[in-house]
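Residue strings, one per chain:
There are 2 protein chains.
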Amino acid sequence: MLSPARLALAAALLLVLRPPAPASAARPIVADKPVPSEATATARWLAAQNTWGVLSNVVSYSDGVPGEGHGIPYFYLTTLDPTARDALQDQRTSFTLSEFPLGTCGKIDPENPTCAKLTLTGKLKLVDLQSSEADLAKSALFTKHPEMKDWPKNHHFKIFKLEIENIFLIDWFGGPKPMSPSQYLEFGR
Amino acid sequence: MLSPARLALAAALLLVLRPPAPASAARPIVADKPVPSEATATARWLAAQNTWGVLSNVVSYSDGVPGEGHGIPYFYLTTLDPTARDALQDQRTSFTLSEFPLGTCGKIDPENPTCAKLTLTGKLKLVDLQSSEADLAKSALFTKHPEMKDWPKNHHFKIFKLEIENIFLIDWFGGPKPMSPSQYLEFGR
Numbered sequence: 000m001l002s003p004a005r006l007a008l009a010a011a012l013l014l015v016l017r018p019p020a021p022a023s024a025a026r027p028i029v030a031d032k033p034v035p036s037e038a039t040a041t042a043r044w045l046a047a048q049n050t051w052g053v054l055s056n057v058v059s060y061s062d063g064v065p066g067e068g069h070g071i072p073y074f075y076l077t078t079l080d081p082t083a084r085d086a087l088q089d090q091r092t093s094f095t096l097s098e099f100p101l102g103t104c105g106k107i108d109p110e111n112p113t114c115a116k117l118t119l120t121g122k123l124k125l126v127d128l129q130s131s132e133a134d135l136a137k138s139a140l141f142t143k144h145p146e147m148k149d150w151p152k153n154h155h156f157k158i159f160k161l162e163i164e165n166i167f168l169i170d171w172f173g174g175p176k177p178m179s180p181s182q183y184l185e186f187g188r
Numbered sequence: 000m001l002s003p004a005r006l007a008l009a010a011a012l013l014l015v016l017r018p019p020a021p022a023s024a025a026r027p028i029v030a031d032k033p034v035p036s037e038a039t040a041t042a043r044w045l046a047a048q049n050t051w052g053v054l055s056n057v058v059s060y061s062d063g064v065p066g067e068g069h070g071i072p073y074f075y076l077t078t079l080d081p082t083a084r085d086a087l088q089d090q091r092t093s094f095t096l097s098e099f100p101l102g103t104c105g106k107i108d109p110e111n112p113t114c115a116k117l118t119l120t121g122k123l124k125l126v127d128l129q130s131s132e133a134d135l136a137k138s139a140l141f142t143k144h145p146e147m148k149d150w151p152k153n154h155h156f157k158i159f160k161l162e163i164e165n166i167f168l169i170d171w172f173g174g175p176k177p178m179s180p181s182q183y184l185e186f187g188r
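Same order as they appear, the protein sequences are chains A and B.
Reading the first sequence from the start, the letters are residues 0 to 188 in numbering that gives the first Met the number 0.
Reading the second sequence from the start, the letters are residues 0 to 188 in numbering that gives the first Met the number 0.
The set of hints was computed from the structure by calculation and includes no laboratory data.
Glycine included, each C-beta is placed from N, C-alpha and C at the ideal position.
You may find that some hints are simply not true.
Computed beta-carbon distance windows for the label pairs [to be verified]:
#1 L87(B) x S36(A): 27 to 33 Å
#2 K148(A) x G173(B): 18 to 24 Å
#3 T78(A) x K152(B): 47 to 53 Å
#4 K148(B) x S138(A): 46 to 52 Å
#5 A40(A) x S138(B): 28 to 34 Å
#6 D134(A) x L184(B): 44 to 50 Å
#7 R91(A) x S36(B): 31 to 37 Å
#8 G187(A) x S138(B): 42 to 48 Å
#9 S181(A) x N153(B): 18 to 24 Å
#10 A40(B) x T78(A): 28 to 34 Å
In silico EDC-like pairs for lysine to aspartate or glutamate, Cα to Cα no more than 20 Å straight-line [stated by the list, open to error]:
#11 K160(A) x E185(A)
#12 K160(A) x D89(A)
#13 K124(B) x D149(B)
#14 K176(B) x D85(A)
#15 K106(A) x D85(B)
#16 K124(B) x D31(B)
#17 K124(B) x E164(B)
#18 K122(B) x D85(B)
#19 K137(B) x D127(B)
#20 K106(A) x E146(B)
#21 K106(B) x E37(A)
#22 K160(B) x E37(B)
#23 K137(B) x E162(B)
#24 K152(A) x D127(A)
#25 K106(B) x D127(A)
#26 K176(A) x D85(B)
#27 K122(A) x D149(A)
#28 K106(B) x E162(B)
Chain A with its partners taken away, still in its complex shape:
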């Protein structure tokens, strides 16, 4: 039988050898996912818990400081990237989030409807850097994405927000859940 000392060594080795959990962009524990019948809560939960999505390209975002999401995604983009350049030409866009990378879908396939997907359609607007909204957006972004504040000044990063016009949520069987932007934005107020 193994001695306690050998057991300790074995357990310590296991700890060291276990692959590290993937980095999750400066976010702590994921709050509990709402039940599927609570569609608005689920949409807001996904927007608050995730830190990146697809807006033409893969981008980071934040809807508020951790634990205080407001539902509006803010972005920090450089016009060196076509995503921001395109937005200044034509603001219409859509932003898609997946629950899968949060790890809360369990062993379910990413396409399984019980693994939530949220697409917010609307207009990508520049936020005036002198406004109080820009201060809110900066703290929302920089708390969830700490490296952003050190991104090169000469890349002229700007703050953008998505003005949500349409919401497409799948979080269960039976098709998308109807939800208006005001239902989504006013949730929890």
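Take the given structure of chain A and dock chain B to it, following the hints.
Only chain B this time, still in chain A's reference frame:
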């Protein structure tokens, strides 16, 4: 000082309390990421290693059985979902993949250019279920997404493929890497 037995207990507790790694859709270990200067290899690596991306909505895909990716993403979609319905109306689409959920970006932010992003633009085409390509696509999809073969028959899932016309890869500082569809598709042949 702690006794070896207490150390063993503490180490065992740490093992138990450590959060489980997120599920990664029936895929084994991620092969080594190519160096950033190998742009085509990086694009093909990302297409082969990832299992889901954004094609209007979040969808699963496969470019081949594990270890034998061919670069063309195949999808298994139901026309109950607007993604497939829209494709039958207008085939033009883009498909975006992120390296971030693979866990290979380390502690880097998802938007950091060294965390690879691939957008394939082109036409989404229905694959004839009687063709030999459909057999290849099915084994590519069902090996990486085992639950697909049990998805409800009455949802009439169809196989689609992306005919790639343009490739946008970011895998390092300095902007997108130029790459033609034939360079991408012929890589490794």
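Hints versus structure:
no. : hint                          : result
1   : L87(B) x S36(A): 27 to 33 Å   : holds, 31 Å
2   : K148(A) x G173(B): 18 to 24 Å : holds, 22 Å
3   : T78(A) x K152(B): 47 to 53 Å  : holds, 49 Å
4   : K148(B) x S138(A): 46 to 52 Å : holds, 47 Å
5   : A40(A) x S138(B): 28 to 34 Å  : violated, 39 Å
6   : D134(A) x L184(B): 44 to 50 Å : holds, 48 Å
7   : R91(A) x S36(B): 31 to 37 Å   : holds, 36 Å
8   : G187(A) x S138(B): 42 to 48 Å : holds, 46 Å
9   : S181(A) x N153(B): 18 to 24 Å : violated, 36 Å
10  : A40(B) x T78(A): 28 to 34 Å   : holds, 29 Å
11  : K160(A) x E185(A)             : holds, 17 Å
12  : K160(A) x D89(A)              : holds, 14 Å
13  : K124(B) x D149(B)             : violated, 23 Å
14  : K176(B) x D85(A)              : holds, 18 Å
15  : K106(A) x D85(B)              : violated, 29 Å
16  : K124(B) x D31(B)              : violated, 31 Å
17  : K124(B) x E164(B)             : holds, 13 Å
18  : K122(B) x D85(B)              : holds, 12 Å
19  : K137(B) x D127(B)             : holds, 12 Å
20  : K106(A) x E146(B)             : holds, 10 Å
21  : K106(B) x E37(A)              : violated, 33 Å
22  : K160(B) x E37(B)              : violated, 25 Å
23  : K137(B) x E162(B)             : holds, 17 Å
24  : K152(A) x D127(A)             : holds, 17 Å
25  : K106(B) x D127(A)             : violated, 30 Å
26  : K176(A) x D85(B)              : holds, 18 Å
27  : K122(A) x D149(A)             : violated, 27 Å
28  : K106(B) x E162(B)             : violated, 34 Å
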